[in-house]
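Protein chains: 2
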Amino acid sequence: MALKKKPVTGMKDILPAEMQIRDYVLNQIKETYRSFGFSSIETPCVEHIENLTSKQGGDNEKLIFKILKRGEKLKLEEAKEEGDLTDSGLRYDLTLPLSRYYANNAASLPSPFKALQVGSVWRADRPQKGRFRQFVQCDIDILGDSTSLAEIELITATTTALGRICPGKKFSVRINDREILRAMAAYAGFPEESTEQVFITLDKMDKIGLDGVEKELEECGYSREAVEKYSGLLAQAGSDAQAVRALGTVLADFLPEGRAENLAGIMDTVSEVATADFQLVFDPTLVRGMGYYTGTIFEVSMEGFGGSVAGGGRYDKMIGRFTGMETPACGFSIGFERIVTILMDSGFTVPASSARTAYLFEKGTDPARLAEIMKEAAAERQAGGQVLVAQMNKNKKFQKEQLQKEGYTEFKEFYRDALKR
Amino acid sequence: MALKKKPVTGMKDILPAEMQIRDYVLNQIKETYRSFGFSSIETPCVEHIENLTSKQGGDNEKLIFKILKRGEKLKLEEAKEEGDLTDSGLRYDLTLPLSRYYANNAASLPSPFKALQVGSVWRADRPQKGRFRQFVQCDIDILGDSTSLAEIELITATTTALGRICPGKKFSVRINDREILRAMAAYAGFPEESTEQVFITLDKMDKIGLDGVEKELEECGYSREAVEKYSGLLAQAGSDAQAVRALGTVLADFLPEGRAENLAGIMDTVSEVATADFQLVFDPTLVRGMGYYTGTIFEVSMEGFGGSVAGGGRYDKMIGRFTGMETPACGFSIGFERIVTILMDSGFTVPASSARTAYLFEKGTDPARLAEIMKEAAAERQAGGQVLVAQMNKNKKFQKEQLQKEGYTEFKEFYRDALKR
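Residue numbers (our numbering), protein chains in the order written: chain A, 1 to 421; chain B, 1 to 421.
Treat the hints with caution; some may be incorrect.
A pair counts as met if it fits within one copy or between any two copies, since identical chains are not told apart.
To be verified - No more than 27 Å apart at the CA atoms, straight line, and that leaves these computed lysine-lysine pairs for DSSO-like:
{"id": "1", "residue 1": "Lys-215", "residue 2": "Lys-400"}
{"id": "2", "residue 1": "Lys-69", "residue 2": "Lys-396"}
{"id": "3", "residue 1": "Lys-229", "residue 2": "Lys-62"}
{"id": "4", "residue 1": "Lys-229", "residue 2": "Lys-397"}
{"id": "5", "residue 1": "Lys-317", "residue 2": "Lys-129"}
{"id": "6", "residue 1": "Lys-207", "residue 2": "Lys-55"}
{"id": "7", "residue 1": "Lys-12", "residue 2": "Lys-207"}
{"id": "8", "residue 1": "Lys-170", "residue 2": "Lys-204"}
{"id": "9", "residue 1": "Lys-73", "residue 2": "Lys-55"}
{"id": "10", "residue 1": "Lys-55", "residue 2": "Lys-6"}
{"id": "11", "residue 1": "Lys-80", "residue 2": "Lys-62"}
{"id": "12", "residue 1": "Lys-75", "residue 2": "Lys-6"}
Calculated directly from the structure, the hints in this document are not laboratory data.
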């Protein structure tokens, strides 16, 4: 029987042209992050099923590719439910494995630890255009730093990377704090136990607008008074650091001392320090889906692209789930696939780093002559060139056109009879 | 309940020190291969279970991490055997996915196609020291070229890469041809249907020696005469290209015309063209485990390291399993993890590409002053430096020692009171 030629549902083969862009973008990101003192690390793609299903991953936990137990551990006849069949799964993000990694290796790592992790993650999402079940994330995280230096460095580093990859593209960083979100809900008069539900509705703001949010909250049964007070707060809030301070004064009774100033200070310093050209705005409606965030949250949008291209925030409780001891943690993740899509759609081509030459030799060239040609190629490669040695096709013109598409700009032709051309 | 801190059995967390070496080695390999005109590609880590279990992978097929069907497709109650539960698995090598990739995308690819693929593969091997269940392979393959140019380029490129990564390390490339192996068995008088069994015994040569091979073959019930004729052939064969030609004359009645000359020609040209310093030897006992090889096979051993560090060969039948049409194919795979192990064991350190400076600021530095410090760091980063900004610890001496271990050579200290030191 013939084997299956297509990739498995929802995953993709990456062709050389896209691969060039991917490699280029990855190198730019890694170089930038390294210049900020982040250290590369790697975690296994396979993670304990107990960790993956520990309620850290929100809806992603419904999308796990689970791995079958092996050998004697797989007891098919006794198995009553899915959980009996599996002991591990493919990671759905890089944050959970990073937290496990830090818990496991903290003694061998500097403190604070600035981690750079690039890797594939898997989610069994419904297949749809431009969205794949295996995709790459690029994360930086600072573990063990409770000060706002962590947020400032993460935002500065990520915006520097984005500015380098997509020069000329306008982008904005929206920023908020889970504590401010919580205080706003409390100030409006929503019961404390409903906060998460209010956030879920608020998170739909970009889709349904403020009116839609009001309507949905009322439908949930919250008092008209609370809903109005809430939407008033959202509508009136400004977007700069001063607005954060002003909101902090309004929310004083509901917010821990210094919280608003912390966020405003991050905004001030980032604005002063960051070298990329972007907008930094306070967005009181920014929620970010993941339940694990505990403080500052941020998200990057790019001109002409719906949805975010990067996002992150502070998650001070997750490492404690592994160690029993809380460790401050804050991270920023670049949606690598989205950046690649934006660049491909805009016709981006990778700047050539070296000359590309194709050596074409005539069919039937004798071994001694071929060896000479290959020695010439070796010398050109040692001098930094990129050289393809290939047999000349019958249709040489077409062959050259194809090679030009692959980036070959120089051609050398080698004939058996040196006089022939 | 606390979550699990250790990685899943047999897989590993990679610490920054190892990661630096891994990144360095990968870059060297990729740069070298690109200079030979190989194009990067990527295949999904998850592959159809039908492809993974199609007898292309030999014993590796027993080691597959299988992925559970999802949603309605998983019918636990009706499932009678493992196969009913799974529709895909993690790839155990890069060759099978590459063949599928080429079958799926040939129309968009140049011909011949020179592919470079780097990626993780998974095998549920019994956990043992230095051997992991997730590991990286670096493969180059030339698809669509039936001439020996493919072998010559693969061997030249791989030896160039190994020479760059491990300068001063002695290594040797052993080379053979499955057709010559087959002809030797036929010449000795083994029945044609036993050829594979004879190879399995011959493959143990490095462990049990020629005596052991003879003994095992006799125990298998082969005639004393055949075994003696066979071992005589093995013992007498020389190791250079002339020896291959001589053996070709002896085996003339059993070998397709030109086979021995093909291998000898590869050896001649590689010896002349390759720039790295290595031994190239004909090894009539080289088998290589995988059943899919059809012609030339090769393997690299490195001084002071048991086992091979790279290997490959020609597999002209595999792509036809997908397309129904035979396509010549030849590949060389570097055992990336082994190279990393060799470098780590020899105390290798990655050459620093840029100055690393740590900026240490005193606790309590006010935001305006911190912003100034960070601007100075940004300027140094833009000039190509690597700058870490961190709060000064109480034990500054220890902190600096730790940072020196991470590669920081320069330190700048910033105090709240400029006069204090």
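Evaluation of the provided hints:
1. Lys-215 <-> Lys-400: Answer is neither; intra-copy 63 Å and inter-copy 57 Å both fail.
2. Lys-69 <-> Lys-396: neither (55 Å within a copy, 49 Å between copies)
3. Lys-229 <-> Lys-62: neither (35 Å within a copy, 63 Å between copies)
4. Lys-229 <-> Lys-397: For Lys-229 and Lys-397, the Cα distance exceeds 27 Å both inside one copy (72 Å) and across copies (54 Å).
5. Lys-317 <-> Lys-129: Neither way: Lys-317 and Lys-129 sit 35 Å apart in one copy and 34 Å across, limit 27 Å.
6. Lys-207 <-> Lys-55: within (26 Å within a copy, 51 Å between copies)
7. Lys-12 <-> Lys-207: neither (29 Å within a copy, 42 Å between copies)
8. Lys-170 <-> Lys-204: Only inside one copy: Lys-170 and Lys-204 sit 24 Å apart there, 63 Å across copies, limit 27 Å.
9. Lys-73 <-> Lys-55: Classified as both: same-chain Cα gap 25 Å, cross-chain 25 Å, threshold 27 Å.
10. Lys-55 <-> Lys-6: between (34 Å within a copy, 19 Å between copies)
11. Lys-80 <-> Lys-62: both (19 Å within a copy, 25 Å between copies)
12. Lys-75 <-> Lys-6: between (32 Å within a copy, 25 Å between copies)
Going through the hint list in order, the structure does not satisfy hints 1, 2, 3, 4, 5, 7.
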